Amino acid sequence: MKKLLTVIGIISILGLLSFAFPKTFEITGTGTEKEITAQDGNVSGSNQADEMTQTDAGKGISKFFRYSGFANATPGHLVMLLVGLVFIFLAIRFEYEPLLLIPIGVGILIGNIPFMLESGLKLGIYEEGSVMNYLYFGVTAGIYPPLIFLGIGAMTDFSSLISNPRLMLLGAAAQVGIFITFIGALILGFYPAEAGAIGIIGGADGPTAIFLSSKLANGINILPDGTTVRNLIGPIAIAAYSYMALVPVIQPPIMRLLTNKKERLIKMKPPRAVTKLEKILFPIIGLLLTAFISPSSLPLLGMLFFGNLLKESGVTKRLADTARNSMIDIVTILLGLTVGASTQADVFLTEQSMLIFVLGALSFMVATAGGLIFAKVMNLFLRGENKINPLIGAAGVSAVPDSARVVQTMGLKEDPNNHLLMHAMAPNVSGVIGSAVAAGILLSFLL
Amino acid sequence: MLSEIQFDLSNVSGFSITVAVVGYIIVFAALVMLFFIYSSIPKLININVRQKLKRQGKCEDCGDLHIEGDVNAAISMALYLYLDEAHDEESDVITIKRISKQYTPWSSKIYSTNTYFRTLRR
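Chains E and V, in that order, give the protein sequences.
With my numbering applied, the first sequence closes on residue 447, and no number is skipped along the way.
With my numbering applied, the second sequence closes on residue 569, and no number is skipped along the way.
Calculated from the structure, these hints are not laboratory results.
A couple of the hints might just be wrong.
Stated by the list, open to error - Mimicking BS3-like on lysine-lysine, the simulated pairs with C-alpha atoms at most 30 angstroms apart in a straight line are:
hint, chain 1, residue 1, chain 2, residue 2
1, V, Lys490, E, Lys276
2, E, Lys317, V, Lys501
3, V, Lys505, E, Lys317
4, V, Lys490, E, Lys387
5, E, Lys279, V, Lys499
6, E, Lys276, V, Lys544
7, V, Lys490, E, Lys376
8, V, Lys501, E, Lys269
9, E, Lys279, V, Lys505
10, E, Lys267, V, Lys490
11, V, Lys544, E, Lys269
12, V, Lys501, E, Lys261
Stated by the list, open to error - Example chain E residues on the side facing chain V (calculated, C-beta under 8 angstroms, incomplete):
hint, residue
13, Gly60
14, Arg166
15, Ile187
16, Leu281
17, Leu288
18, Leu289
19, Ser294
20, Arg383
21, Ala438
22, Leu446
Quantities reported herein were computed from a predicted structural model and do not represent experimental measurements.
For every residue, glycine included, the Cβ atom is placed at its ideal position computed from N, Cα and C.
Next up, chain V with everything else stripped away, as it sits in the complex:
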């Protein structure tokens, strides 16, 4: 079966080569355009951020505003640990308040006696 395979270069017409070459160029061009657009979006977004920071006086000439993912993760972890620690440093004030109503069935003596034992004694 394999011996019957024929390689015929005449099957490749000018149209086919055009399809291949133009097709590849279009694919490349589409992704190059996306590359340029996505490269410029962060710059556009940062213009607004820079202006805000300058107005607030937080930086004169704000350099690279990008934060790497691992830096973000480190900040998040530090915040988490701080807040977790902060929870342990509470005022120690017990917030249970005495209520004005004195009687409650929970503290009633009558309910604390066990009738079952009495029955047994008989």
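Looking at chain E on its own, in the form it has when it is part of the complex:
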């Protein structure tokens, strides 16, 4: 306990120093070696004399301190460090998407360690030539998301979707969140390209959100009126992944609100056995059809269906194993870390980020409601054992497999013998396809 108090005491003293010193000094000059002068400009002659007599060791310590994180910390940095710690806490304590939240949380810590930005040390993720900047290239160039999709394709079993294709419509219905949020973002003053990137949060698909934001809201594209779009990759990715992790918190109240007990108790017909030929045909037909309709979604859907064919063909087991294990793990680590690090306080803590978070939450809720309502509408036309449990409509948002898991939990709460997981996986994976198609359409309209 004493040791803990000592450590906390030292940290708080250093923290106080960090708030006191940066205000005293101002950095001037343009070279890498900066000249530090007093800010108020009223340095007396005796003080100047004191500086002249300062020892070299003193200067060294002073310089070391100026380069340290304590001297460069701002409240923004501390807020973001706290956010990173909360992410890590949520991942470890409640196991909310730990494979994503741990890399993102650590990335936030790495990206928000304060340092002297003007020193040219090439440390920050936005500084050209820094290690993090090289890794971040995979995000800005849209390389990581298709690789993630390859892994998802290689690990997803589309049997439940193939056995009951009508559930595909639920995945389509849930994409309403994307387009309503797009309109909402426009009303709040975002440019159309930025609004498109924000809207895709409603797809509840992290890689798709990163892919689209890296193309539409990357801080590089020039709009027709000559202005440059803002770099919103960080806030959009963090919002998408946060809401994906919070699926067990966000969805159940909406599911309870929009369904009654009788509907939640509906038992669905068990899915039929799917032949190997159907499983092989699924990725081939899916690729050809979706790519012809929306060629812009080819990087995502091409890789998704390619990965699935590796799995289902049965002759490329080694490639499928690599895609769904080692490769997706490596890319997830790099993606999570760099997305987390991209939330540098000065770039992330803006009014736009807050709006994106609000819009993202609304988008997620609208998407969930869209799937649920459409399932109820479908039930009006279905009879007997073909009726569907409307809860599975909530899995139309493509947070795979979390939303399907939430549906299973909700179903079991109502009836311990009603297992909805397999049924919910169908709209869940069709949501992945739907959100990727929507991303392609927005890209072709807005780029």
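Using the hints, position chain V against chain E.
Quick look at chain V alone, frame taken from chain E:
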């Protein structure tokens, strides 16, 4: 900061509404097309199966050919249990055969004596 947020409906142009409406329709249409294709694939596959079954005389008017996953699992389990039981009902014939070579070091008496004990006795 929140008080500065402005809701401006004039930002929503005709183009934006077109993007939203047409975009959603295309997403829906793509998945509806996939639905129709995947609904018809099993029917096409079953045409061939029905013809084969009719030729073999196994059914006149083959009804629903789909087997549910749990039925498949039950059949697999039954087969597994049957084959597992079948293993226990073997002929009991011992298949070890006497070989023509009589001598083998494994049955040699000379190797069964222990020199170590002899050393101790001395």
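We went through each hint and held it up to the structure:
Taking the CA atoms of Lys490(V) and Lys276(E), the gap is near 15 angstroms; set against the 30 angstroms cutoff, the hint holds. Proposed proximity of Lys317(E) and Lys501(V) is contradicted: the alpha carbons are some 37 angstroms apart, above 30 angstroms. Proposed proximity of Lys505(V) and Lys317(E) is contradicted: the alpha carbons are some 36 angstroms apart, above 30 angstroms. Using a Cα cut-off of 30 angstroms, the hinted pair Lys490(V) and Lys387(E) holds, with the two alpha carbons roughly 21 angstroms apart.
With a CA separation close to 22 angstroms, the supplied pair Lys279(E) and Lys499(V) stays within the 30 angstroms bound. Among the hinted pairs, Lys276(E) with Lys544(V) is inconsistent with the structure: their alpha-carbon atoms are about 46 angstroms apart, more than 30 angstroms. Between Lys490(V) and Lys376(E) the alpha-carbon distance is near 27 angstroms, which keeps this suggested pair within the 30 angstroms criterion. Note on Lys501(V) and Lys269(E): the hinted pairing holds, with a Cα-Cα distance of about 28 angstroms set against a maximum of 30 angstroms.
Simply put, Lys279(E) and Lys505(V) have alpha-carbon atoms about 27 angstroms apart, close enough for the 30 angstroms limit, and the pair holds. Distance check on the hinted pair: Lys267(E) and Lys490(V) sit about 25 angstroms apart at the alpha-carbon level, within 30 angstroms; holds. Restraint check for Lys544(V) and Lys269(E): the C-alpha separation of about 58 angstroms exceeds 30 angstroms, so the hint is violated. At roughly 47 angstroms between alpha-carbon atoms, Lys501(V) and Lys261(E) are farther apart than 30 angstroms, so this suggested pair is violated.
Hint on Gly60(E) is violated. Least Cβ distance to chain V is approximately 42 angstroms, over the 8 angstroms limit. Interface hint status for Arg166(E): upheld, as the beta-carbon distance to the closest one in chain V is roughly 6 angstroms, under 8 angstroms. For Ile187(E), the shortest C-beta to C-beta distance to chain V is roughly 5 angstroms, which falls under 8 angstroms, so the interface hint holds. For Leu281(E), the interface hint holds, the least distance from its beta-carbon to any beta-carbon of chain V being 6 angstroms, beneath 8 angstroms.
Restraint check, Leu288(E) versus chain V: the minimum CB separation of about 10 angstroms is more than 8 angstroms; hint violated. Taking 8 angstroms as the C-beta contact cut-off toward chain V, the hint placing Leu289(E) at the interface holds, the least distance being around 6 angstroms. Evaluation of the Ser294(E) hint against chain V yields a held restraint, the C-beta minimum of about 7 angstroms falling below 8 angstroms. Nearest Cβ of chain V to the Cβ of Arg383(E): about 17 angstroms, over the 8 angstroms cut. The hint is violated.
A hinted interface residue such as Ala438(E) counts as satisfied when its beta carbon comes closer than 8 angstroms to some beta carbon of chain V; here the least separation is about 5 angstroms, so the hint holds. Against a cut-off of 8 angstroms between C-beta atoms, the interface hint on Leu446(E) holds, since the closest Cβ of chain V lies about 7 angstroms away.
The structure fails hints 2, 3, 6, 11, 12, 13, 17 and 20 (numbered hints given earlier, in ascending order).
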